[in-house]
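K.L.:
So you can see what is in the structure, the chains are spelled out below.
There are 2 protein chains.
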Amino acid sequence: MTDHSAVIAQADQGLEASLERLFELLRIPSISTDPAYKAECRKAAQWLVEELDSLGFEASLRDTPGHPMVVAHSTEAGEDAPHVLFYGHYDVQPVDPLEEWTTPPFEPSIVTGADQTGNITGRGSADDKGQLMTFVEACRAYRAAGEKLPCRVTILFEGEEESGSPSLKPFLEAHAEELKADCALVCDTNMWDRETPAISTGLRGRVGEEIVITAADRDLHSGYFGGAAANPLHILSDILAGLHDENGKVTLDGFYDGVEETPAEVLKMWEGLGQTAEKFLGEVGLAVPSGEKGRSILEQTWARPTAEVNGMIGGYTGAGFKTVIAAKASAKVSFRLVGKQDPDAIRESFRAYARSKVPSDCSVEFQPHGASPAIQLPYDSPLLATAKEALSEEWPKPAVLIGMGGSIPVVGDFQDMLGMDSLLIGFGLSDDRIHSPNEKYSMTSFHRGIRSWIRILAALAAKKAAA
Amino acid sequence: MTDHSAVIAQADQGLEASLERLFELLRIPSISTDPAYKAECRKAAQWLVEELDSLGFEASLRDTPGHPMVVAHSTEAGEDAPHVLFYGHYDVQPVDPLEEWTTPPFEPSIVTGADQTGNITGRGSADDKGQLMTFVEACRAYRAAGEKLPCRVTILFEGEEESGSPSLKPFLEAHAEELKADCALVCDTNMWDRETPAISTGLRGRVGEEIVITAADRDLHSGYFGGAAANPLHILSDILAGLHDENGKVTLDGFYDGVEETPAEVLKMWEGLGQTAEKFLGEVGLAVPSGEKGRSILEQTWARPTAEVNGMIGGYTGAGFKTVIAAKASAKVSFRLVGKQDPDAIRESFRAYARSKVPSDCSVEFQPHGASPAIQLPYDSPLLATAKEALSEEWPKPAVLIGMGGSIPVVGDFQDMLGMDSLLIGFGLSDDRIHSPNEKYSMTSFHRGIRSWIRILAALAAKKAAA
Numbered sequence: 001m002t003d004h005s006a007v008i009a010q011a012d013q014g015l016e017a018s019l020e021r022l023f024e025l026l027r028i029p030s031i032s033t034d035p036a037y038k039a040e041c042r043k044a045a046q047w048l049v050e051e052l053d054s055l056g057f058e059a060s061l062r063d064t065p066g067h068p069m070v071v072a073h074s075t076e077a078g079e080d081a082p083h084v085l086f087y088g089h090y091d092v093q094p095v096d097p098l099e100e101w102t103t104p105p106f107e108p109s110i111v112t113g114a115d116q117t118g119n120i121t122g123r124g125s126a127d128d129k130g131q132l133m134t135f136v137e138a139c140r141a142y143r144a145a146g147e148k149l150p151c152r153v154t155i156l157f158e159g160e161e162e163s164g165s166p167s168l169k170p171f172l173e174a175h176a177e178e179l180k181a182d183c184a185l186v187c188d189t190n191m192w193d194r195e196t197p198a199i200s201t202g203l204r205g206r207v208g209e210e211i212v213i214t215a216a217d218r219d220l221h222s223g224y225f226g227g228a229a230a231n232p233l234h235i236l237s238d239i240l241a242g243l244h245d246e247n248g249k250v251t252l253d254g255f256y257d258g259v260e261e262t263p264a265e266v267l268k269m270w271e272g273l274g275q276t277a278e279k280f281l282g283e284v285g286l287a288v289p290s291g292e293k294g295r296s297i298l299e300q301t302w303a304r305p306t307a308e309v310n311g312m313i314g315g316y317t318g319a320g321f322k323t324v325i326a327a328k329a330s331a332k333v334s335f336r337l338v339g340k341q342d343p344d345a346i347r348e349s350f351r352a353y354a355r356s357k358v359p360s361d362c363s364v365e366f367q368p369h370g371a372s373p374a375i376q377l378p379y380d381s382p383l384l385a386t387a388k389e390a391l392s393e394e395w396p397k398p399a400v401l402i403g404m405g406g407s408i409p410v411v412g413d414f415q416d417m418l419g420m421d422s423l424l425i426g427f428g429l430s431d432d433r434i435h436s437p438n439e440k441y442s443m444t445s446f447h448r449g450i451r452s453w454i455r456i457l458a459a460l461a462a463k464k465a466a467a
Numbered sequence: 001m002t003d004h005s006a007v008i009a010q011a012d013q014g015l016e017a018s019l020e021r022l023f024e025l026l027r028i029p030s031i032s033t034d035p036a037y038k039a040e041c042r043k044a045a046q047w048l049v050e051e052l053d054s055l056g057f058e059a060s061l062r063d064t065p066g067h068p069m070v071v072a073h074s075t076e077a078g079e080d081a082p083h084v085l086f087y088g089h090y091d092v093q094p095v096d097p098l099e100e101w102t103t104p105p106f107e108p109s110i111v112t113g114a115d116q117t118g119n120i121t122g123r124g125s126a127d128d129k130g131q132l133m134t135f136v137e138a139c140r141a142y143r144a145a146g147e148k149l150p151c152r153v154t155i156l157f158e159g160e161e162e163s164g165s166p167s168l169k170p171f172l173e174a175h176a177e178e179l180k181a182d183c184a185l186v187c188d189t190n191m192w193d194r195e196t197p198a199i200s201t202g203l204r205g206r207v208g209e210e211i212v213i214t215a216a217d218r219d220l221h222s223g224y225f226g227g228a229a230a231n232p233l234h235i236l237s238d239i240l241a242g243l244h245d246e247n248g249k250v251t252l253d254g255f256y257d258g259v260e261e262t263p264a265e266v267l268k269m270w271e272g273l274g275q276t277a278e279k280f281l282g283e284v285g286l287a288v289p290s291g292e293k294g295r296s297i298l299e300q301t302w303a304r305p306t307a308e309v310n311g312m313i314g315g316y317t318g319a320g321f322k323t324v325i326a327a328k329a330s331a332k333v334s335f336r337l338v339g340k341q342d343p344d345a346i347r348e349s350f351r352a353y354a355r356s357k358v359p360s361d362c363s364v365e366f367q368p369h370g371a372s373p374a375i376q377l378p379y380d381s382p383l384l385a386t387a388k389e390a391l392s393e394e395w396p397k398p399a400v401l402i403g404m405g406g407s408i409p410v411v412g413d414f415q416d417m418l419g420m421d422s423l424l425i426g427f428g429l430s431d432d433r434i435h436s437p438n439e440k441y442s443m444t445s446f447h448r449g450i451r452s453w454i455r456i457l458a459a460l461a462a463k464k465a466a467a
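Protein chains in written order, with the UniProt record's numbering: chain V, 1 to 467; chain R, 1 to 467.
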């Protein structure tokens, strides 16, 4: 077992330099969904390859039909050490609306938050560059302390996580042998609160879908045609309004097939976390849970499926007024899935429902935007117990096991294609505003995150050695 | 009674010169909504003053806080002759998207259309410079024939019709005595088809309203918050979808107060026009009337009130996908009114309905965008009968009385402020593409329009003399 207190001391001493490296990465606007930023995505990948190279990894950039992968290996721990695959993504979300940012999204800085702690600002600071750099910097601390990494480590960073990961499955398939490990470490998750680390054991799945309704072959004057011509905004509103019933349940045929009730002991564990609607929604200026009636806020967001409209546009949306009946209207809709819900069946059910609402002289088109089933990880794995203990040593409060409302499709892919479970450990906070203007990552998350990985790698190795 | 056949002969002989004068006016880019064209608006007004001056009118340019009015008087017909106020507007719509014009918008020309008839091209050719010049050139033909105008004529041309007419009401109020006449002639309307002239006897009113729903104080991640946080796009869709029932009726409380059934004889007259849903909607690629069930297409667009969503936006609407729950969503909604529907009551009813649908932790704001009641002109006025007869003499087919789905607020202002009904007679065609690229005005509309006014002025005078 390595003496990881020396490594932790290195992490503490090197924090400022660690931060400067993170800033370098944050300055690269690697927005994967927008083709205009293709070169920037590659630049971020290349930056990571060089970084890992400098840490003694055998690192390389791997081209895909989309943005490149970064793969790196460290085998210095030897054959007997545990082998982990660390996964993260270097791409980021778009930054609109830009005018709402109080600091430029790609000029990171440290801003003192309302709670008097420092926050790292910028797009990707929390999702996911800040998080993945906690692991990279943990590796650096081992090197700086003159220690070997205690585990064999493979690193996989992708550049398409924010745009549906189209290249991921083919890449995993083609490189299954190279990427297989004892378990994956996935860092794209949150703590329970700023003092309490968490391991996520459930992840909702996701189906993304775009719907475009076309009515007339041109925009019409609503005086001449109003009352006679089909209005695609009416049709679309009707479709979207009909997705939920008065109790907040989704109305699609077969939508709840495969949804199971959460076990009583799990619900009890969640109750113990003391979350309330007031606290959870109060942070974003809301108060009333809008979802399924009769479910706690944690159940609503961790264990129940949803339908959400993520965007909608049609007709005249500029200043002033224009009496137009639009030719087209469109919306982006996503479904969060739990249990054994089948993403393909849900997509088809949505399409059949929408088609049934479209008049015969209008048309509807659909475009899929990703699909992944929900994931449930075992509560009783020894790896999980070890990581939980290591985390509990680092933070003021012991680690807890939680669910996650978001989707991390790669976890399912690791299960299905590499036969490998994941440990979902990240240091994000619920107020990090990921995907929103003014995204930030707490300095504490970054610093203690680095220290946490140092401890976890050491603990996993010690556990295996003791077995 | 003047021998108007000589005047008509003059109009025929002078057609080429009439056209050249119209072209001069069309070359002036008098776009009222764009401050960059302020001087051009004034130039168009000045051009009209000089034109009317040369015809023996006592014409003047009158400054307003916005673009100037043109007022002109001809009293040579004497006190016993009928007195008409002719209204038109010299301002035009913007021309964007410029690249869709096949001829430059301010370089008028004659282009032979698909139907082998000549069309006058250019912005304002139909709306409204071509139309108003039919009247001016009718006056010129009288003068050229050495005849007095048979009616006392007051002319009012405004320069802000395409930008909401902010100066019109104050001007009418300040000059009520000067502008009052037996009736107004308003030329901003269409024929029934290219062979059948029409007088519009009903105009729908309009209420414009913008609604903004705010939920959370920031955009949220739909994974973390979906199923718990209010989604303004759901709330707005629900509000908009609920505006109509399954029979296409508007559901707002009191919405149909003041709506009267169209008299059976009027419905019968409309039936005689032979309009069908297939023809009307077929022109724009549609087939199925979307409005109130059990009403003909003409009733739906002329005599029934509507609610239309003119625009809607919220969330992520760019390329790709973003799993966001928007903080805000907004829509622009307009109501077309008929009969005695009260615009203010309808606005309030909409607001009360919308408020009732907004959860207590979300907020809703409204912004009004104009309001005008519907106009119904008497079917039995002797002036209307006289004009109808005169029009029927000019055109291949007899004139018909029609409704209009759009709104012309000045007609209501003339009623309310000058106590004067209007005759709505214009020679536009439904394919003139007003407000769009490649606006045109048929040569037949222009030529027979001039001849029509010659006949109408003569007929009105003869009718009064005979009474």
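Fair warning: there could be bad hints in the mix.
[Said to hold, decoys possible] Chain R stretches covered by chain V per the calculated footprint, using a threshold of three residues with CB under 8 Å from any CB of chain V:
(1) 6-15
(2) 280-287
(3) 332-339
[To be verified] From the derived model, a few chain R residues whose C-beta atoms are all more than 12 Å from chain V:
(4) E20
(5) F23
(6) P65
(7) G66
(8) H73
(9) S167
(10) K169
(11) T196
(12) D219
(13) H221
(14) V250
(15) N310
(16) E389
[Unchecked claim] Here are the computed lysine to aspartate or glutamate pairs in the DMTMM-like style, where the Cα-Cα straight-line distance is at most 25 Å:
(17) V:K322 <-> R:E100
(18) V:K340 <-> V:E265
(19) R:K249 <-> R:D217
(20) R:K328 <-> V:E265
(21) V:K322 <-> R:E99
(22) V:K357 <-> R:D245
(23) V:K249 <-> R:D361
If you're looking for bench data, these hints aren't it; they were derived computationally from the structure.
Just so it is clear, CB atoms sit at the ideal spot from N, CA and C, and this is done for glycine as well.
K.L.:
Looking back at the numbered hints, which does the structure fail to meet, lowest number first?
P.N.:
1, 12, 13, 14, 15, 19 and 20
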